[in-house]
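Those sequence lines, one after another, are chains A and B. Our numbering numbers the first residue of the first sequence as -13 and each following residue consecutively. Our numbering numbers the first residue of the second sequence as 17 and each following residue consecutively.
Be careful, since some hints might not be right.
[To be verified] Pair by pair, the computed Cβ-Cβ distance ranges are:
(1) B/P124 x A/A0: 27 to 33 Å
(2) B/L257 x A/L23: 55 to 61 Å
(3) A/A35 x B/E253: 54 to 60 Å
(4) A/T26 x B/S190: 24 to 30 Å
(5) A/E78 x B/S402: 42 to 48 Å
(6) A/L23 x B/V153: 40 to 46 Å
(7) A/K59 x B/G355: 26 to 32 Å
(8) A/E9 x B/S190: 31 to 37 Å
[Said to hold, decoys possible] Derived pair list, reagent style DSS-like, types lysine-lysine, alpha-carbon separation capped at 27 Å:
(9) B/K92 x A/K(-12)
(10) B/K92 x B/K168
(11) A/K(-12) x B/K168
If you're looking for bench data, these hints aren't it; they were derived computationally from the structure. The beta-carbon is built from N, C-alpha and C at its ideal position, and this holds for glycine as well.
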Amino acid sequence: MKYALLIYSDEARAQFDELPEAEQRSIMGEYFAISELPGTVGGAQLQPATTATTVRVDDGKTLTTDGPFAETKETLGGFYLYEAANLDDALEVAARIPAARLGGRVEVRPLVER
Amino acid sequence: MIEQVFRSERARCIAILGRVLGDLDLAEDAVQDAFVTAAERWPRDGVPANPGAWIVATARNRAIDRIRREQTLARKTELLARAESLPQDVDSVIPDERLELIFACCHPALAADAQVALTLSLVGGLATPEIARAFLVPEPTLAQRLVRAKRKIRDAGIPLRVPPEHLLPERLRSVLAVVYLVFNAGYGPPVRRELCAEAIRLALLLATFMPDEAEVHGLHALLLLQDARRDARVDGEALVLLGDQDRSRWDRAEIDQGRAALERALALRLPGPYQVQAAIAALHLEEETDWRQIALLYGRLLELAPSPVIELNRAVAVAFADGPADGLALVDAIDGLAGYYLFHATRADLLRRLERSHEAAAAYERATELAPSEVERRFLRGRRRSL
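Make the full structure from the sequences, and use the hints.
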């Protein structure tokens, strides 16, 4: 079963920026290690939400607005796609994502299988 | 007869089908269908030698019928293959996977209220209206909650298994919390015997399957020792304080079972909060109450599971052991219970014993305002009047 591990990391990012360089490097190492797991089948880090543009089509007319869709404090900062035997395994990987302990959140969502 | 089989075999059959199909909703419906078929056939043809295996085999065929009506081809093919792997032999020995089912129902990815409802519905076999009544939830809300939880188990891939070693302590805690919550919902007031009985059955099931887990025996002991006092605890509509209870109405057999369960727990030498609470409950059942020992145990409980409610209980024990003034000093030092009726009821009682009637009256009134049910309010008003 595939899961999206969605990383909401504004808060974590702020904390990360305050850390000494050596610690930042070790945290980046943790992210890379998760990318290298045999179950990880995809993923990406996103540019900050300030770079987002939202598109909507109304009556055939395209409406473009500045900013992310949801007006929440935490925005999506990146994600992994992870193939796991079950939810427990996916949750364990999610808990290893540094953002989860640095004030951010990781949402685990199963992918629709077709 | 069929009711007895339903009671004893239903959860087992749902667990087996659910595990193979990966879909508890489908498993439950298929098992339900099988019992309907049994109700038609058994009176005519006689009860099969192995009713559980008969239900599994029949439910398997019913599940296959249901899957054939499924829309998506890919899902249909996969589900059919899974269903066909189930035993068709009505004499086969079917495994008992209820423990796996309980762990899935109490998975932390499900909301706490859904965990309780699902455990009662799938493992306990309680009907939706019964559960709705017990938790004061409208029936459609509860039905919706159950459906959503079963779908989440299927769609999010919550495994039907006993968690591996490194997850077990945390998961077991949430299972035990669900069982204790069921018991407390039944302990009342108002008392709902079937919930208490169900919680004890669940605890026994866990204790049977996990004999090396001290806290499982601890919880089992705690429930038995509390349940043993159920008839003496309530007089008509009124609550009876422990000290005023008619001890001849305590269930001696159940007390013995509770003590035996506590022995089994303590022999494992892995202390935990349920065992301490069971030890306290056991001390309350002695001829002479050893309040000093109870106060010590509450101190131990505070170390294991700090909570202001436990501090309040310790203060009560200290008040009996060393006098109301010492107890009151501890009560007044507790933070965070200003909205809890028992905090004010306890203060009121201690103030009464210290002959500070005005303050006691005010505390009884505050407790009455906050009390959750009429039984308690009536009790508190009675105390207030007797000042």
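Tested hints:
1. Distance hint check: the CB atoms of B/P124 and A/A0 are about 28 Å apart, consistent with the given range 27 to 33 Å.
2. Distance hint check: the CB atoms of B/L257 and A/L23 are about 59 Å apart, consistent with the given range 55 to 61 Å.
3. Distance hint check: the CB atoms of A/A35 and B/E253 are about 59 Å apart, consistent with the given range 54 to 60 Å.
4. One distance hint, 24 to 30 Å for the beta-carbon pair A/T26 and B/S190, holds here, with the actual separation near 28 Å.
5. Range check, A/E78 to B/S402: Cβ separation about 58 Å, and the 42 to 48 Å hint is violated.
6. As the Cβ distance of A/L23 to B/V153 is approximately 41 Å, the hint placing it in 40 to 46 Å holds.
7. The hint said 26 to 32 Å for the Cβ distance between A/K59 and B/G355, and at roughly 29 Å that hint holds.
8. The beta-carbon spacing between A/E9 and B/S190, approximately 34 Å, falls within the hinted interval of 31 to 37 Å.
9. Restraint check for B/K92 and A/K(-12): satisfied, since their Cα atoms lie roughly 20 Å apart, inside the 27 Å limit.
10. For the hint pairing B/K92 with B/K168, the CA-to-CA distance comes to about 19 Å; that is within 27 Å, so the pair holds.
11. The straight-line distance between the Cα atoms of A/K(-12) and B/K168 is roughly 15 Å, inside the 27 Å bound, and the hint therefore holds.
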